[in-house]
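**Q** Okay, here's what each chain looks like letter by letter:
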Amino acid sequence: MADLFFYTFATFTVVCAAAVVGLKNTVASALALLLCLVGVAGVFILLDAFLLAALMVFVYAGAVVALFLFIIMLLDAQGGDRKPFKKTAYVSGGIAFALLTLGVLSFWKSGAQTTGVLGSSIVPVGATLKNYGEQLFTTYLLPVQIVGFLLLIAMLGVIVLSKKFEGLEDIK
Amino acid sequence: MFQFYFDLPLIVRLVVQAGAVILVLFPIAAACSMAERKISAWIQGRPGPNRTIAPVGGLLTPLGLAGRIPFLGPFLQQMGIFQLAADGGKFTFKEDPVPGHVNKFYFVLAPIIAMIPALTTIAVVPLGAYYAVINGQTILQPIVLANVDIGLLAVFAVSSLGVYAVILAGWASNSKYAFLGGVRASAQLVSYELAMTLSVLPAFLWMNKPGGQGTLSLFDAVQMQSGVWHGLSMASLHGMWGVFYMPVSAFIFLVALFAETNRAPFDMPESESELVAGFHTEYGAFKWSLFFLAEYCHMIIGSAVCILLFFGGWNLLPWIPLTTLIDWLSHVLPFATHPLFMGLVGIGIFVGKVFAFIFFFMWVRWTLPRFRYDQVMHLGWKKLLPLSIANLIFYTLGIALMQK
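Top to bottom, those sequences are chains U and A. Residue numbers for the first sequence follow this note's numbering, so the first one is 2 and each next one is one higher. Residue numbers for the second sequence follow this note's numbering, so the first one is 5 and each next one is one higher.
Rather than coming from a laboratory, the hints here were simulated on the basis of the structure. Some hints here could point you the wrong way.
Unchecked claim - Cut-off 30 angstroms, straight-line C-alpha distance, at most; resulting in silico cross-link-like pairs (DSSO-like, lysine-lysine):
id	chain 1	residue 1	chain 2	residue 2
1	A	Lys-108	U	Lys-25
2	A	Lys-94	A	Lys-42
3	U	Lys-84	A	Lys-180
4	A	Lys-387	U	Lys-165
Stated by the list, open to error - Derived Cβ-Cβ restraints for the label pairs, each shown as a range:
id	chain 1	residue 1	chain 2	residue 2	range
5	A	Phe-248	U	Gln-136	34 to 40 angstroms
6	A	Lys-387	U	Leu-76	53 to 59 angstroms
7	A	Ala-394	U	Leu-153	15 to 21 angstroms
8	A	Pro-373	U	Phe-98	53 to 59 angstroms
9	U	Val-65	A	Trp-367	45 to 51 angstroms
10	A	Asp-331	U	Ile-160	35 to 41 angstroms
11	U	Lys-25	A	Trp-46	49 to 55 angstroms
12	A	Lys-180	U	Leu-153	44 to 50 angstroms
13	A	Phe-10	U	Val-148	43 to 49 angstroms
Note that CB positions come from ideal geometry on N, CA and C, so glycine has one too.
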């Protein structure tokens with residue numbers, strides 16, 4: 002049953018991701034991205050990471066894609082048509098796809114010996130809220146701090162960019 | 005007596021339960037549209053719909069028969085009950101025009117997308133509680149379709165997808181007014197989501213004491229508010245409703261809820277005096293009514309979450325939780341602790357509170373004028389957001405000091 006669900010969600014996600022790149026209309030692309038994110042949330046649920054799945058839908062599907070659509074509509078009311086891809090885009094896409102496939106294959110190759118360990122003995126970290134919070138504030142404290150700092154810089158940048166300065170005095 | 009039901013496979017039972025909840029939610033949302041017309045009429049000092057009655061052929065239906073009963077029939081007619089059936093019939097059977105200039109696929113998709121999050125979120129909202137005997141112990145269990153640990157987050161996550169219906173409708177209509185409505189909706193809903201999320205955090209800071217199992221479950225939020233009176237001590241705090249010790253949180257949540265459900269004074273996407281009818285300008289007939297059913301479903305579920313977090317859920321009064329009420333009743337009625345009776349009492353109290361909230365929603369809509377768009381943004385970003393952050397810091401410090 003879980004396998005069936007996994008294949009359904011995985012296929013759904015990949016097809017939607019391809020549609021994001023392939024569709025001509027930008028609004029349709031953004032909607033395909035939305036479906037893709039929901040598919041990823043489904044895969045997270047299969048991994049018992051309920052919190053991550055809910056956050057994925059809440060933050061990315063609920064807010065970020067809505068902002069994407071807002072920007073697309075603000076720039077062009079018709080949704081706009083995408084220019085056809087150039088040759089370089091096809092070549093670089095092909096190379097990226099090959100590298101990714103190689104990477105996944107290498108994982109699969111090295112993981113083939115240890116599959117017995119992977120499935121059973123590792124307790125899912127994100128399964129319960131308490132577990133998740135504890136990990137976030139102990140083992141992964143540094144990444145959290147760095148991400149927080151990045152967000153702070155981005156926020157300051159937005160304030161500087163969007164504030165209307167009266168004269169040169171204000172900037173100093 | 006009900007053993008045959010529990011012998012069914014799990015998946016069949018789940019489908020039956022989900023179908024039953026939707027079959028109740030859907031007509032209630034439709035009835036809300038009727039209540040809105042009647043309440044707006046009372047507020048504006050006019051009678052409202054009071055003449056519609058089922059035609060002679062309608063005698064075959066239960067509603068048509070009810071209209072012919074002496075005293076009850078004319079009373080129902082005065083209350084406009086039959087207008088509900090007339091409206092429903094009209095929206096279902098009238099011609100459903102699709103304007104020639106719209107993007108057809110997305111135009112039809114938008115009302116469907118509106119209904120999906122509105123009906124899905126009810127799955128994680130607990131509606132009542134009952135005593136269950138598990139391994140010889142009597143435990144209070146919630147009546148809920150899916151009792152998940154992240155209940156509140158799931159509600160927020162799924163209901164935040166409702167914005168796409170409005171954006172899509174506005175964009176696919178290919179008309180300036182509808183488009184402006186869609187753009188307004190996307191900005192407004194994202195803005196108020198922040199304040200809403202921050203305002204409920206203090207409630208969960210109270211719930212998740214150090215050493216406890218971390219949870220965002222809505223059932224635990226109600227359990228937190230169901231204690232009995234212990235005199236003037238800290239223990240009595242347990243029985244108090246959230247709104248009394250978190251008034252600012254409840255206020256911010258309620259204001260953000262008005263904005264999230266696109267209700268006046270925040271109905272920017274619609275604002276009929278500026279944008280004709282906003283995002284649904286080009287819609288008619290059944291598709292139009294689907295948008296409205298979705299709006300009422302959102303209101304019902306939003307009120308339900310607000311009641312669960314701040315207004316005691318299915319507890320009758322502060323310090324009189326459902327369990328105490330059932331204890332009192334069991335002295336009079338021998339079957340009071342039966343799951344069926346207890347469940348019905350809990351659901352009755354809860355639904356009563358939800359209706360009170362729906363009335364409040366309508367009362368506000370027909371009393372306050374609409375905000376200007378810049379006022380909505382100003383209120384959301386410069387007033388509510390700082391207030392909710394200050395509120396969160398206050399409770400974080402307060403709870404930390406209290407538990408020291």
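**Q** What are the numbers of the hints the structure violates, in ascending order?
**A** 6, 9, 10 and 12
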